[in-house]
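Engineer: Sequence:
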Amino acid sequence: MTEPHDPSPAETSQPALMPELARAREAARTAKEQSQDRRAKAAARPPVEPATEDPVARVLVDVPLAHLDRPFDYLVPEKMSAGAVPGARVKVRFAGQDVDGFVLERAVESAHRGRLAPLRRVVSPEPVLPPAVAALSAAVAARYAGTRSDVLRLAVPPRHATVEKQASEEAPRAEVDVASAEKAWSAYTGGPAFVRHLAEGGRPRGVWSATPGEDWPHLLAQAAAATYAGGRGVLLCVPDHRDVERLDRALGSVLGRGHHVVLTADLGPAARYRSFLAVSRGAVRVVVGTRAAAFAPVHDLGLVALWDDGDDLHAEPRAPYPHTREVLLQRAHAEAAAAVVGGFARTVEGEYLLRTGWAHEISAPREVVREHAPLSTITGATDTDLARDPLARTTRLPRAVFDAIRSGLQRGPVLVQTPRHGYAATLACDRCRTPARCATCAGPLRVTSRQRPPTCSWCGREDPAWTCAECGGRGLRAPVRGDQRTAEELGRAFPSVTVRTSSGDRVLATVPDEPSLVVATPGAEPVPADGYSCVVLLDTWLMLARTDLRTTEEALRRWMNAAAMTRAAGRDGHVVIVGDSSEPVLQALLRWDPGGFARRELEDRQSAHLPPASRLATLTGSDEAVTSALDTVTLPPGAEVLGPAPVEQTGPAAASEVAQVRVVLRVPRAHGAELSRALVELQGVRDAKKNEPVRVQVDPVALG
DNA sequence: ATGACCAATTGA
DNA sequence: CAATTGGTCATG
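Going by the working numbering, 386 is the number at position 386 of the first sequence; the sequence numbering is gapless.
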């Protein structure tokens, strides 16, 4: 979506696609029928007096069908003229039903040949869908081959009438010290210039690699303040609620009270709508939130900021599955705003923005990074290593890890990151840790019951006589110990120390600056008051055992996010990585080189024709549905069709549902827009024919 | 989705 | 030949 977006022709209501046909049909009806029709209508409803000014409203109706995803014209009764402003919610009669809709614009006349139905009701004159967001929704729908009504469900929160009656509290006058904002960014090459540019009303775009230990909420708040000082609005999106709270506090301390609002889905309907209205009314122009905030109608948008863009929480799980990064970059483009995409790690998409020159790099010189980085070491931990280490046999921890934890506990809190329980439920060789695969189809082996031998989760064959293809080993192990088990073991190894766990739905926000052990799953690490003295990354090989498109990138991101909480080497901060030191990704972690890793990863992806160099889309549905969709669709030149292949069923509903298959469509990135267009057309045709639905996903975030 | 319309198909 | 079913088209 970074390519220039042409204003969609679908935006304006067009004459009926086949006017001749429409006229012929009209003529075919007898004059008698028509006059009866009119008389019946006139009798049923008193004639509406059209508005004297702009009596036509172009309305986007809320129907889920792809071929109805275009504006329809309605007559505005004079009585509703004042309320039916662009962006207002209305009720209209559509195909014999009362449906919800948004007024996109008012017009003097309609290109529609027939009689216009009047608006039924103005639900509320509050302009909740301003033109910029309407255009954004159209662009996102087009990009993800979805419908605008689906996107609008994500973009406009449900109305709350009580809240709407209340006035929004206006932000006070801003007093911002731009010099201190520049100073906050002085560790980064080009940082102060970037901030100055923001304050001066410019639109710089940067991909920011934060140094380890960076107080990133403070820096984002300073960038926001600089933009705000120049009289413009700011939109900041972060992965989860804890990050929102941190950034909320940072904005409060930099901007003062009342200058920003928090906008997340978990605020609840009333508070969410209150925040939304404060923004849409222009009372407040700095917004921080999760992916639900990406569409917030910020006035005079000057900066969009995204933290940790690799976090899959930025991927919307509801159709059409837009990614916050793409939504924000589209906004930066369309609304001429600056953009910053930041993180400790760098995504290949971030690297691609640099490669194409769309954004420039904001990172610290090598010596600054070194100054902030902890001391990092890698220690091996295969069972053969452990067997040679008597201490490891009793504590199940390699000696180096045990020593590092003991030493770290002298100086402060110690974090142990362990892969999530069930993160990879597959089995692995207990000697070399190679994931165990089915001899017949190479699917992953799992243990489904204590009584049964290991079973392939793809083809279902049992494999009682498995041997490792790598080392010939015959022993299998369930690779995940889980955070609870790890915590118990550490408690026994360090009996006098407090052990806390943070994972799943029991996530700790912070941890005090005193000796204690914290066992956390990736992404759930509590923020230490003054840095961890030591961070241990357990079972790194396990995170790399997945077969997803982003396995390596995602693993490095999680490790860097944990390692970034460690004190600098100068303050005896130590990261111990348990894994294979020959792994290039662990070397990148050791050297703290997110850029180098992203460059290599992007090259690999380009040569393998994977995103972001290529654009992928998946079609999922029953075998028949997917096959017929493939017959119908007109793909752009050079498109590849991979599959169909059966989809691994997951979740509780899996057993009851019909078997699903999936095809992957792939085109060079330059043809991405054409692919999306083709898929929109496909969905339109299929919906119109009432075909069995096929799920279309453009740029799926995970592809196993 | 819902409904209207037309043509082809089925049943007596 | 009427009743039924299925495909196509339109929705303002």
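What the hints contain is simulated information worked out from the structure, not anything from laboratory work. Accuracy of the hints is not assured; some may be wrong.
Said to hold, decoys possible - For each label pair, taking beta carbons as the anchor points, the in silico distance ranges come out as:
1. G268 <-> P637: 24 to 32 Å
2. H299 <-> D54: 18 to 26 Å
3. L65 <-> E175: 45 to 53 Å
Said to hold, decoys possible - Using 30 Å as the maximum straight-line C-alpha spacing, the simulated DSSO-like pairs for lysine-lysine come out as follows:
4. K91 <-> K183
5. K91 <-> K689
6. K183 <-> K165
7. K79 <-> K183
8. K690 <-> K183
Don't be surprised by glycine CBs; every beta carbon is placed ideally from N, CA and C.
Engineer: Compare the structure with each hint and give your call.
Structural biologist: Evaluated hints:
1. Checked against the given bound of 24 to 32 Å, the beta carbons of G268 and P637, roughly 49 Å apart, lie outside it.
2. Checked against the hint of 18 to 26 Å, the pair H299 and D54 passes, with Cβ atoms roughly 24 Å apart.
3. For L65 paired with E175, a C-beta distance near 51 Å keeps the hint of 45 to 53 Å intact.
4. Only pairs whose Cα atoms come within 30 Å are accepted, and K91 paired with K183 is rejected, the gap being roughly 52 Å.
5. For the suggested pair K91 and K689, the alpha carbons sit about 26 Å apart, so the restraint of at most 30 Å is met.
6. Restraint check for K183 and K165: the C-alpha separation of about 43 Å exceeds 30 Å, so the hint is violated.
7. Simply put, K79 and K183 have alpha-carbon atoms about 56 Å apart, too far for the 30 Å limit, and the pair is violated.
8. Straight-line distance between C-alpha atoms of K690 and K183 comes to about 60 Å, which puts the hinted pair past the 30 Å bound.
The structure shown violates the earlier hints numbered 1, 4, 6, 7 and 8.
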